[in-house]
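Take the two lone chains, each set in its own frame, and fit them into one complex as the hints suggest.
Chains as they are written, first to last, in my numbering: chain A, 659 to 951; chain B, 131 to 214.
Errors might be hidden in some of the hints.
Straight-line Cα separation of at most 30 Å, BS3-like style, residue types lysine-lysine; simulated pairs [stated by the list, open to error]:
#, chain 1, residue 1, chain 2, residue 2
1, A, Lys-856, A, Lys-671
2, A, Lys-856, B, Lys-174
3, A, Lys-801, B, Lys-174
4, A, Lys-839, B, Lys-140
5, A, Lys-801, A, Lys-684
6, A, Lys-707, B, Lys-181
7, B, Lys-202, A, Lys-808
8, B, Lys-178, B, Lys-140
9, A, Lys-684, A, Lys-921
10, A, Lys-671, A, Lys-681
11, B, Lys-181, A, Lys-821
12, A, Lys-874, A, Lys-671
13, B, Lys-176, A, Lys-874
14, A, Lys-874, B, Lys-140
15, A, Lys-839, B, Lys-141
16, A, Lys-801, A, Lys-726
17, A, Lys-856, B, Lys-140
18, A, Lys-690, B, Lys-202
19, B, Lys-174, A, Lys-821
20, A, Lys-690, B, Lys-140
21, A, Lys-684, A, Lys-839
22, B, Lys-178, A, Lys-808
23, A, Lys-707, A, Lys-757
24, B, Lys-176, A, Lys-821
25, B, Lys-141, A, Lys-808
Some chain A residues judged to face chain B by a derived CB distance under 10 Å, without partners named [to be verified]:
#, residue
26, Gln-813
27, Glu-871
28, Lys-892
29, Gly-945
Calculated from the structure, these hints are not laboratory results. Yeah, the Cβ is synthetic: ideal placement off N, Cα and C, and Gly gets one too.
Chain by chain, the residues:
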Amino acid sequence: MAGQLKEVRNRIKSIQNTQQITKAMKMVSAAKLRRAQDAIIQMRPYAQKLQEMLSNIVSNVEGDINIKLAEQRTIEKVLLIVITSDRGLAGAYNANVVKTAKSIIAARYAAQMQKGNVAVWNIGKKGWESLTRSGYKTSDTFKDLFLNLKFESVQAAAQAAMKAFENGEFDAVEIVYSEFKNAATQVFRAEQFLPIPKVAKKEGAKKADFIFEPAKEELIGELMPKILNTQLYKAVLDANASEHGARMTAMDKASDNANELLKTLKISYNRARQAAITTELTEIVSGAAALQG
Amino acid sequence: MTLEILTPEKKLYSGEVYGVQLPGINGLFEVLEKHAPLVSALAKGKLKVLKSRNEASSYSIESGFVEVLDNKATVLVEGAVALD
Numbered sequence: 659m660a661g662q663l664k665e666v667r668n669r670i671k672s673i674q675n676t677q678q679i680t681k682a683m684k685m686v687s688a689a690k691l692r693r694a695q696d697a698i699i700q701m702r703p704y705a706q707k708l709q710e711m712l713s714n715i716v717s718n719v720e721g722d723i724n725i726k727l728a729e730q731r732t733i734e735k736v737l738l739i740v741i742t743s744d745r746g747l748a749g750a751y752n753a754n755v756v757k758t759a760k761s762i763i764a765a766r767y768a769a770q771m772q773k774g775n776v777a778v779w780n781i782g783k784k785g786w787e788s789l790t791r792s793g794y795k796t797s798d799t800f801k802d803l804f805l806n807l808k809f810e811s812v813q814a815a816a817q818a819a820m821k822a823f824e825n826g827e828f829d830a831v832e833i834v835y836s837e838f839k840n841a842a843t844q845v846f847r848a849e850q851f852l853p854i855p856k857v858a859k860k861e862g863a864k865k866a867d868f869i870f871e872p873a874k875e876e877l878i879g880e881l882m883p884k885i886l887n888t889q890l891y892k893a894v895l896d897a898n899a900s901e902h903g904a905r906m907t908a909m910d911k912a913s914d915n916a917n918e919l920l921k922t923l924k925i926s927y928n929r930a931r932q933a934a935i936t937t938e939l940t941e942i943v944s945g946a947a948a949l950q951g
Numbered sequence: 131m132t133l134e135i136l137t138p139e140k141k142l143y144s145g146e147v148y149g150v151q152l153p154g155i156n157g158l159f160e161v162l163e164k165h166a167p168l169v170s171a172l173a174k175g176k177l178k179v180l181k182s183r184n185e186a187s188s189y190s191i192e193s194g195f196v197e198v199l200d201n202k203a204t205v206l207v208e209g210a211v212a213l214d
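One chain only, chain B, in its complex shape (with noise of 0.2 Å):
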């Protein structure tokens, strides 16, 4: 699937993943292939991107919003910061 993070001030990343996980507000959650159409607030927290099975880099973020559709998630998110 397609993953894109948007920050007010620049892309932070784009590109094909296996998988995300996000600080949902009601709790962690990780969206992988083929996931419903789904809309959701984000806190503020560590997002996890998961390139393939065993490699990941995370970012912490501020909160924002995620919408997942047609296979591609489009994180927003009001700041975000790579981590490590």
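The following block holds chain A by itself, in its conformation from the complex (with noise of 0.2 Å):
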């Protein structure tokens, strides 16, 4: 009996040590997010400038431009830049990437993929592993931008991309990532990065007289690569705050279980105990009974 109880109480235990574990991982996660979103708050008034600066030259272009990064070819070689996240015990965060990653190359790419054309760029570490271990063609170049995320290890990764489609090294660049809603739900989803879409005219722009300098085209020219570095910097940093909110989530839940799983085991305990002194009384009371006897 006595073994019992102790059996039971060092389970509550154990359960509590964790219990504190996933709440500590909780509440940094959380504090981790709000800076995340930070990020993306903070970058988003660029992004739009960016955006709106395009369509404005645009539409003061008459005819089809020109530009090497929109160029369409037939696809022969691939490039899926995936990003997960450097740590685990975020739910099914970073299975939910890969899963989305291996079917886009089945479903889109099955053809190169059985020449060995499609190549995998991993932007953390957890996607890295789980890809290269299903004998994917992965490289680690931009593995660990996580460690230190800034603008500029993004873009340089970026520029790798564009360099390598210009090159004519890959006819067409694929992002994996999750877009983040709220800390709750992700949106996993590929994004067409190279050729650049088609940017629509966009009528009833600001059709003021601009001065542009360089020339149109040269100035698209310009505007391209930097609009190509936002966009991988804002997956990046979706992926970031997705991060973080799976995590909460996650460990939200594994501190109700814990919870849930404490409460049976207080029953379970104090049933034991209450069993334990009623044996004790018994035999104290027969005991007693059997002297007087």
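Printed below as a string of structure tokens:
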């Protein structure tokens, strides 16, 4: 009896310890999530203005614009930039990103995959580990980007992808990441990075008589890489916020589960204790009765 | 006129200024009050905010763009650090 009591007490202790950890992790993730969301908000004006500038220029150009980064070729070689996190314990977050990447390859690039023409650039350690293990052609050049998340490092990755596209190393580039909706919801998706989708001319865009310096075509050529840098940066920031959101919800659930467990364990602990007391009492009473008898 | 300096990481400057000196891709130029609408590419270099006729502060910037419209200049750069 006393053995069972001790066992239950030990389990309660260990669950309490785990719960302390999950609670702490939840708090940390909540704080990091706020910072990640701030970063998204901070970059928004820049991204919006950049887009606005682009549509301003495009609306002022007559005819089609030839940009090398928008060149449509038959897709033979594909690059996927897969953004996951460096750490686990974030629910199904990393698994879902990897799953999305795999299903996109299977659905859209099966033929290229067979020829071994699908490359994967990983941002984040978890996705790299998992995809390398499943035998994809991965590269870890930008794997550790989250260790020091700065615009510059993302810019380097975006520029490397653009250069590879221009040199014909890839005919299409897609980003697989998780879009941040709110702390509990992530949308796992793939986004076309290169070639650049056609920019629609916006009717009724500001038709001010702009002075363009240098010429519009050159300006667009300068503007495009900047927009792509921002696009990748946004994806990375979204992924970062998603990671912390996913971890926060996962840890919240874990703490709740621990509470449930503790409740049932406490009941069985009390029951065992009660049983021990009852037997002890019976023993004493019957002992006394035997003496008197 | 109003000046805004934006980077992907944060809004660096926002306020009323007398003018601003920019490292254009074809050379240094200055934007003052009531400048005509302009879109220009900027090279890496030094940007000088003229807060008034004799008060200025400088930033070292990465490449980017400037748009001037309705007496408002918006500078978009990929990175900037305040000098001095």
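Going back to the hint list, which numbers does this structure go against?
Numbers 1, 11, 12, 18, 23, 29, in rising order.
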